[in-house]
Structures are given as structure tokens and as C-alpha cells.
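Peer 1: Sequence:
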Amino acid sequence: RREEQAAAAGSAECQVFDDGTVTFFWRAHTLTVLFILTCALGYVTLLEETPQDTAYNTKRGIVASILVFLCFGVTQAKDGPFSRPHPAYWRFWLCVSVVYELFLIFILFQTVQDGRQFMKFIDRKLGVPLPERGYGGNCLIYDPENKTDPYHNIWDKLDGFVPAHFLGWYLKTLMIRDWWMCMIISVMFEFLEYSLEHQLPNFSECWWDHWIMDVILCNGFGIYCAMKTLEWLSMKPYHWQGLWNIPTYKGKIKRIAFQFTPYSWVKFEWKPASNLRRWLAVCGIIFMFLLAELNTFYLKFVLWMPPEHYLVLLRLVFFVHVGGIAMREIYDFMDDLKFHKKLGQQAWLVAAITVTEFLIVVKYDPHTLTLPLPFYVTQCWILGFMLILTWTIWRFFIRNITLRCKETKRQKHENKTEKDKLDNYSANPFVKAKLNGNDVRQRKS
Numbered sequence: 472r473r474e475e476q477a478a479a480a481g482s483a484e485c486q487v488f489d490d491g492t493v494t495f496f497w498r499a500h501t502l503t504v505l506f507i508l509t510c511a512l513g514y515v516t517l518l519e520e521t522p523q524d525t526a527y528n529t530k531r532g533i534v535a536s537i538l539v540f541l542c543f544g545v546t547q548a549k550d551g552p553f554s555r556p557h558p559a560y561w562r563f564w565l566c567v568s569v570v571y572e573l574f575l576i577f578i579l580f581q582t583v584q585d586g587r588q589f590m591k592f593i594d595r596k597l598g599v600p601l602p603e604r605g606y607g608g609n610c611l612i613y614d615p616e617n618k619t620d621p622y623h624n625i626w627d628k629l630d631g632f633v634p635a636h637f638l639g640w641y642l643k644t645l646m647i648r649d650w651w652m653c654m655i656i657s658v659m660f661e662f663l664e665y666s667l668e669h670q671l672p673n674f675s676e677c678w679w680d681h682w683i684m685d686v687i688l689c690n691g692f693g694i695y696c697a698m699k700t701l702e703w704l705s706m707k708p709y710h711w712q713g714l715w716n717i718p719t720y721k722g723k724i725k726r727i728a729f730q731f732t733p734y735s736w737v738k739f740e741w742k743p744a745s746n747l748r749r750w751l752a753v754c755g756i757i758f759m760f761l762l763a764e765l766n767t768f769y770l771k772f773v774l775w776m777p778p779e780h781y782l783v784l785l786r787l788v789f790f791v792h793v794g795g796i797a798m799r800e801i802y803d804f805m806d807d808l809k810f811h812k813k814l815g816q817q818a819w820l821v822a823a824i825t826v827t828e829f830l831i832v833v834k835y836d837p838h839t840l841t842l843p844l845p846f847y848v849t850q851c852w853i854l855g856f857m858l859i860l861t862w863t864i865w866r867f868f869i870r871n872i873t874l875r876c877k878e879t880k881r882q883k884h885e886n887k888t889e890k891d892k893l894d895n896y897s898a899n900p901f902v903k904a905k906l907n908g909n910d911v912r913q914r915k916s
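Each residue of the sequence shown is one higher than the last, beginning at 472 in our numbering.
Simulated from the structure, these hints should not be mistaken for lab results. Hints are all accurate, no fakes.
Now the in silico label distances, taken between C-beta atoms and shown as ranges:
{"no.": "1", "residue 1": "Lys596", "residue 2": "Val788", "range": "16 to 22 Å"}
{"no.": "2", "residue 1": "Thr501", "residue 2": "Glu740", "range": "35 to 41 Å"}
{"no.": "3", "residue 1": "Asp806", "residue 2": "Pro777", "range": "39 to 45 Å"}
{"no.": "4", "residue 1": "Leu844", "residue 2": "Lys725", "range": "52 to 58 Å"}
With a cut-off of at most 35 Å between alpha-carbon atoms, the simulated DSBU-like pairs for lysine-lysine come out as follows:
{"no.": "5", "residue 1": "Lys725", "residue 2": "Lys738"}
{"no.": "6", "residue 1": "Lys834", "residue 2": "Lys530"}
{"no.": "7", "residue 1": "Lys699", "residue 2": "Lys738"}
{"no.": "8", "residue 1": "Lys742", "residue 2": "Lys699"}
{"no.": "9", "residue 1": "Lys530", "residue 2": "Lys549"}
{"no.": "10", "residue 1": "Lys738", "residue 2": "Lys813"}
{"no.": "11", "residue 1": "Lys628", "residue 2": "Lys591"}
{"no.": "12", "residue 1": "Lys628", "residue 2": "Lys771"}
{"no.": "13", "residue 1": "Lys834", "residue 2": "Lys813"}
{"no.": "14", "residue 1": "Lys880", "residue 2": "Lys892"}
{"no.": "15", "residue 1": "Lys771", "residue 2": "Lys813"}
{"no.": "16", "residue 1": "Lys834", "residue 2": "Lys591"}
{"no.": "17", "residue 1": "Lys723", "residue 2": "Lys707"}
{"no.": "18", "residue 1": "Lys699", "residue 2": "Lys723"}
{"no.": "19", "residue 1": "Lys725", "residue 2": "Lys549"}
{"no.": "20", "residue 1": "Lys530", "residue 2": "Lys771"}
{"no.": "21", "residue 1": "Lys742", "residue 2": "Lys812"}
{"no.": "22", "residue 1": "Lys877", "residue 2": "Lys887"}
{"no.": "23", "residue 1": "Lys813", "residue 2": "Lys707"}
{"no.": "24", "residue 1": "Lys742", "residue 2": "Lys707"}
{"no.": "25", "residue 1": "Lys707", "residue 2": "Lys738"}
{"no.": "26", "residue 1": "Lys880", "residue 2": "Lys742"}
{"no.": "27", "residue 1": "Lys742", "residue 2": "Lys813"}
{"no.": "28", "residue 1": "Lys738", "residue 2": "Lys723"}
{"no.": "29", "residue 1": "Lys628", "residue 2": "Lys834"}
{"no.": "30", "residue 1": "Lys596", "residue 2": "Lys628"}
{"no.": "31", "residue 1": "Lys742", "residue 2": "Lys549"}
Heads up, the beta-carbon is just placed ideally off N, CA and C, and yes, glycines get one too.
Produce the entire structure from the sequences given, and follow the hints as far as they go.
Peer 2: Here's what the structure looks like:
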């Protein structure tokens, strides 16, 4: 059984050739970082005069504490599954995850007013209610009343969010590495926008903006390009040499460029219909993805952050980095049939962050979240959940029981057939005479 699992894992992972060169670039540098950190703290303590501004000193002390923690984590934290461009790079994002989760916990334990005003310490422009904006509006693709530009509704939608949608789904597909899961998440999020547009006005979009601009053009093209990239990564040879072992300058430049590509490649085979455990795991992954997507919009709404603020962009950059590691750790965890492995540290933190963000939304604006869904929307979601539940029961319980019963009947039928053949064989008089003759010869001998 272990050999079969190892063979299955080996088929999904490409073969890697490495000459084993370890240079200064790959060393831990723990003493170097400690020396630089000590010199910086000594300079601040002995040579720099402390300002008398309490607010400034508080901010600087918090930033310095975070930097010291990051220095410790980058040099001492456990390595994750990724090693390129450098393991320290991914240790850095692990430590950033811890800092972000602690920040969310702090915000969660504040009152609504204090939490919103605390954002002023990060940016003085925050802590102010967002102005109301109009969404949806005229949904005509061709507007005959506008003589100068009848297609103005389409041009108005072609803003910076179009390349952002494309790039976002390109990167999400590189994380998930499965076309079906990405398309399901993309389509389900559009249904969520339809369902929740009575809570958040920016979910109100035209039908062609939902299905043509988002699902087909931006999301669909991003998923397609990412799948082509995944195909190239799965076929690419992974043969690594030390930089100084390469004789030509062209080879050295190519080696530096490939330092920012994966060290090896694992093709994700989620197989959600293979057993109940994998089915529930894939459903959980889709649910967490959708929840993280919704948190993006609801957090902006409850913490009064405009969509173009740099903190919104930083959060997306953060999830791009930690999401890829989390998906790899979840995939490895799912392949452990006996639960000997622990859930990876980055996957654990991403799940905790997503849940904490949702709890902040629940605490800061329960009124918006409890606005009742329209009746037809509720009916559609109940129908969808019932179909999923029915399919789950049929696939993993009724179908399995039916297959077991058929297998049992088949084995009984085969055993009965074998027994009948033996009985007929022994009841044949020629066979009996032959057997008796053999017995007589054996006794004589």
C-alpha cells in the first residue's frame, strides 16, 4: 500500500536534478542578521536622541517590534514547501501572516468606533465614513439616446479593475492548479454578488458585467492563460546547477532568471469524487476562497476604507503570496490517508485570518449582514444546497452500498458456480473410476 502511494505521489511530481551546490546565498546568516540587528538597536539607544512626540514614539516602537520579530522569523522559522527564490522569502511571509493575524485580533477586541478611529494611526485619511456611490445604473449595451457614444456604458466599465480581475484569476489558478475548481469559484462568486447586492451596493452590476466582462473575459481568460502556464511548468525540465558551475554568461543570466521559477513541480489532482473526505475538503477549500473574497468587500465597508486605498492592495498582495503555500500544504495534508501529518503552518494561519476577518465584519456591522435575503434568492440557495446534499448522499452512501451489494452477489454467484463445477466433476462415474484406480495403485505401491 505504501509503495502504491509513493508511486502515485511520484507520478504527480516531476523529476528534479540538482548538483547540490550550496553557496553563500543559501546559508542561514543567523549571526549576520543578529549582528546587524544589535548594531541598529545600539545606534538608536546610544547615538540617536529620542523625540518628545508620544504618538511618533509609539508608532516607531510598534514598527521596530514588528521588524525584530520579522528578523527572528526569517532566520529561525521552519521552512515551508517552497524554496524559490529563497526559503527566507517565504519565511518572511509566514511571519507577516502572524503579524496580520495579531493586528486583526486587536481590531476585533475594540469597540466599533475605536476600531475605525484606530485606522487613523495607519493613515490619517482613514476613519471617515465612505461617500455613497452609484452602482448598476443604465445596463444597456447600446444606448440609442446617447448620439455621441452609444457604447459609453461598456467604456465606463473598462477601468483598472479589468486587468486586476485578469491578474487576480491568473494567480488564483496558479494556486489551485485545477480548471474546474477555478471556474466553480468564479461562477459562484457572481451568484453571491447577485444574492448580496441588497447589502453592499457595489455588488450591483449589469448582467453583462457579471457574465461577459467578469466570468468569460477577465476571469476566464486569466484562468486559460494560467492553465497554459501550468502546462509549461509541468513539462519544463528541472535541472539545477550552481551559478559558478555554468561556463557562459548567457547561461548565468538564464540561471538567475530561473531562480524565480519553482524548484520542482507537483500537479494537483484533487479528485473530489474519489471519496467523502476529499469531497468535503474540496468543498471546504471553495467555501474558504469565497469567504476570503467576500471579506475583501465587507472589510472595506465596515472599516471605511476606499477601494483604491493602498491597504486594500497590500492585503491582496499578501493573500497572493500566502495562498500559494497554503494550497500546497492543504494538498499534502489531504494526501495523508492516516492523518499522520499536521496541517501546514501557513494553511493554519490563512484559515485563522479568513475567519477573524469575517468575525470583524460580523461585530462591526451586524445590521448589514442580517438584512434578509429576497425570497427568490433564498429559494435558489436552498435548492442548490439540497442538490449538493442529495448528490453527496447518493455518491458516497447509496452508490457505495449498492456497489458493495452487487460485489457481494457477484462473489456469491462465482463461489456457487465453482462449487457446482466441483460437485459435477466428482459425481461423474468415469471420474470416480479413475479416482478409485488411483487409490488402488497407491495402496499397492
